[in-house]
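So the protein lines, in turn, are chains A and B. As numbered in our numbering, residues 1 to 458 make up the first sequence, in order. As numbered in our numbering, residues 1 to 129 make up the second sequence, in order.
By construction, these hints were calculated from the structure, which means they are not laboratory data. None of the values given here were measured: they were computed from a predicted structure. Just so it is clear, CB atoms sit at the ideal spot from N, CA and C, and this is done for glycine as well. There's no promise every hint is true.
As the list claims (entries may be wrong) - Dumping the calculated SDA-like pairs for lysine to any residue here, alpha-carbon to alpha-carbon at most 25 Å: (1) A:K455 <-> A:L107; (2) B:K107 <-> A:M65; (3) B:K33 <-> A:H277; (4) B:K80 <-> A:T291; (5) B:K107 <-> A:E327; (6) A:K356 <-> A:G376; (7) A:K226 <-> B:D77.
Unchecked claim - Now the in silico label distances, taken between C-beta atoms and shown as ranges: (8) A:L52 <-> B:L102: 16 to 24 Å; (9) B:Q55 <-> A:V147: 39 to 47 Å; (10) B:K57 <-> A:E135: 18 to 26 Å; (11) A:I29 <-> B:A16: 50 to 58 Å; (12) A:N233 <-> B:G115: 29 to 37 Å.
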Amino acid sequence: MSSIFRVGNCSGFSGDRVDAAAPVVETLIKLGGPSAIFFETLGERTVALAQLEKRRDPERGYEPMLERLLEPVLVRCAKHGIPIIGNFGAANPVGAAKVIARLATRLGLPELKIGVVYGDDVRERLNLDTHEVYEADTGLDMGGGEVVSANAYLDAKPIVDALKAGAQIVVTGRTGDPSLCLAPLIHHFGWAYDDWNKMAAGATAGHLLECGTQLTGGYYYDPGYKDVPDPANIGFPIAEVTAEGGLVVTKADSTGGLVNAQIVKEQLLYEIHDPRHYITPDVVLDFSDVTVTEIGKDRVEVKGFKGSPAPRTIKATVCFDGGWLGEGEISYAGPNCQARARAAADVLLERLKIRKLDVQARVDLIGVSSVHDGDGGDKWRASSLAPQDIRVRLAVSARTQDDADQAAREALALYCCGPAGGGGVRWRTTPRIRTQSYLMLPSDLAPGYSLHLAKELA
Amino acid sequence: MTTANQNNIQQQNPDALVEVPLHSVAHGRAGDKGNRLNVSIMPYDPACFELLAEQLKESRVLAAYAHRGASSVKRYDLPKLPAMNFVIDDVLEGGVNGSLNLDGHGKSNSFILLGLSVRVPFKYVRQPV
Numbered sequence: 001m002s003s004i005f006r007v008g009n010c011s012g013f014s015g016d017r018v019d020a021a022a023p024v025v026e027t028l029i030k031l032g033g034p035s036a037i038f039f040e041t042l043g044e045r046t047v048a049l050a051q052l053e054k055r056r057d058p059e060r061g062y063e064p065m066l067e068r069l070l071e072p073v074l075v076r077c078a079k080h081g082i083p084i085i086g087n088f089g090a091a092n093p094v095g096a097a098k099v100i101a102r103l104a105t106r107l108g109l110p111e112l113k114i115g116v117v118y119g120d121d122v123r124e125r126l127n128l129d130t131h132e133v134y135e136a137d138t139g140l141d142m143g144g145g146e147v148v149s150a151n152a153y154l155d156a157k158p159i160v161d162a163l164k165a166g167a168q169i170v171v172t173g174r175t176g177d178p179s180l181c182l183a184p185l186i187h188h189f190g191w192a193y194d195d196w197n198k199m200a201a202g203a204t205a206g207h208l209l210e211c212g213t214q215l216t217g218g219y220y221y222d223p224g225y226k227d228v229p230d231p232a233n234i235g236f237p238i239a240e241v242t243a244e245g246g247l248v249v250t251k252a253d254s255t256g257g258l259v260n261a262q263i264v265k266e267q268l269l270y271e272i273h274d275p276r277h278y279i280t281p282d283v284v285l286d287f288s289d290v291t292v293t294e295i296g297k298d299r300v301e302v303k304g305f306k307g308s309p310a311p312r313t314i315k316a317t318v319c320f321d322g323g324w325l326g327e328g329e330i331s332y333a334g335p336n337c338q339a340r341a342r343a344a345a346d347v348l349l350e351r352l353k354i355r356k357l358d359v360q361a362r363v364d365l366i367g368v369s370s371v372h373d374g375d376g377g378d379k380w381r382a383s384s385l386a387p388q389d390i391r392v393r394l395a396v397s398a399r400t401q402d403d404a405d406q407a408a409r410e411a412l413a414l415y416c417c418g419p420a421g422g423g424g425v426r427w428r429t430t431p432r433i434r435t436q437s438y439l440m441l442p443s444d445l446a447p448g449y450s451l452h453l454a455k456e457l458a
Numbered sequence: 001m002t003t004a005n006q007n008n009i010q011q012q013n014p015d016a017l018v019e020v021p022l023h024s025v026a027h028g029r030a031g032d033k034g035n036r037l038n039v040s041i042m043p044y045d046p047a048c049f050e051l052l053a054e055q056l057k058e059s060r061v062l063a064a065y066a067h068r069g070a071s072s073v074k075r076y077d078l079p080k081l082p083a084m085n086f087v088i089d090d091v092l093e094g095g096v097n098g099s100l101n102l103d104g105h106g107k108s109n110s111f112i113l114l115g116l117s118v119r120v121p122f123k124y125v126r127q128p129v
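The following block holds chain A by itself, in its conformation from the complex:
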């Protein structure tokens, strides 16, 4: 009988349900035994948006839902010795740690030990001219925008070191998402960093769990074909990992959703390219021989993953100012709305030419096509569908906010100037971020951690 360590995931992206953590933590407490939880809240661009936020207010730039995510479970985790790991530091891990410190102090935990991982911000270390561009990103047009953020995907080690030093909660910026789950396993079992099949077990667990409910019924639910019980209350996932690297995935008790073999297969291949060569900062994973077996209700055993040495290079993602997105929408419904909406679409594109706005444009006929068409609109133009309610959407990209706004306002002008009965206009502009990834060497980086008592940081 091997010892088991459980890792629960309590968030799969910035914007995930904020009431996820409590059922996971209560399940871990009820089951007893050692465990940890992690929050993944940092998408590729999220760190750039956080960096922009930090420019406006140097105290901010961390996950905006941080307190809402942590408050329901912080005391319970501290009391039961469940470490919390999260990349909710985003562009400002120290700022996040201060928020946690104030929260902990308010909740009666002034002695809470907070670890802060640093070293992912590589704006001063990355040379765009000499570092190699990551293969999948070659050929992207960066438009010469200003660098907003540059963050390397750190491995599990700084988190492990912080846990070893006694951290009860570890705040990171950019790390490999699977590293957030692997780190407490390395710490608990004392795995060697070059024990590749054990690294593979922890990284596979992390890969499966890092998108939260995508392992428990979210993004899977297809009514009639793939049903999900209580989909408004899907429980977040839990991995059970043994010292030898065995892996079973399950979910929080008394919640909706489910864990079955179909779901685990879908998530195993999520955002994967070559399944024989999935690169994480800690280990390269080979999924070609993976099998998944339902061994009980909401329990799936995953076997056959293999690990090989971690990559020599470290991926760093750079976010550039990407100009502006402008969007304007107007609806047409009832008799002849098909013709009125199509006419509105043509008028919008003609207006952009007349105005000589420096934009790239696309029009969708929502109701006929909203997401599967190309920028040319060939699908909706050729469609014979005749819905009785259509929303025309203009989207433009522009270098300047003014151009994006002027283009979007052409949808507004259709109130008076467009085809009959146009209503419900909304228009807006949004700053855009473009990303490109580069490959760096370990010697380019200097990651580490610092440890703080809540009462000293609050």
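Keeping the supplied structure of chain A fixed, place chain B upon it in accordance with the hints.
Frame of chain A; chain B shown alone:
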């Protein structure tokens, strides 16, 4: 050869070939990295994996995403799951950062592939419950 609309007739003959959307015999999931999309496809019944693999050649999948600017498709097979993983390049109009498409991530794009027609014995066709 019949269409799915005639399934009621075919229910007597589980081995008769029917033409159905891939969605009736397989499930899948889309993920993005930059301007690259991956779509996994798993048959509900592992027994029809080979049959689907024969019909879901890279060239056919490329054609299905051509209107989105796809430049190449690479298929990876995992016969033990079983599953296929399609990696589709340059299909996201620049990806979530550059796209004008409402779905810049391409999250809805698994259903382009799941909308392709396949010919399979009726016994593999999943009826909505």
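Do the hints match the structure? See the list:
1. A:K455 <-> A:L107: Given pair A:K455, A:L107 holds - Cα atoms ~12 Å apart, limit 25 Å.
2. B:K107 <-> A:M65: The given pair, whose Cα atoms are some 24 Å apart, holds under the 25 Å limit.
3. B:K33 <-> A:H277: 15 Å, holds
4. B:K80 <-> A:T291: At roughly 6 Å apart (the allowed maximum being 25 Å), A:T291 and B:K80 satisfy the hint.
5. B:K107 <-> A:E327: The given pair, whose Cα atoms are some 20 Å apart, holds under the 25 Å limit.
6. A:K356 <-> A:G376: 19 Å, holds
7. A:K226 <-> B:D77: Holds: A:K226 and B:D77 sit about 23 Å apart, inside 25 Å.
8. A:L52 <-> B:L102: 16 to 24 Å: 22 Å, holds
9. B:Q55 <-> A:V147: 39 to 47 Å: 46 Å, holds
10. B:K57 <-> A:E135: 18 to 26 Å: 24 Å, holds
11. A:I29 <-> B:A16: 50 to 58 Å: Given a distance of about 55 Å, which is inside 50 to 58 Å, the answer is holds.
12. A:N233 <-> B:G115: 29 to 37 Å: 30 Å, holds
Comparing the model with each earlier hint shows no violations; every hint is respected.
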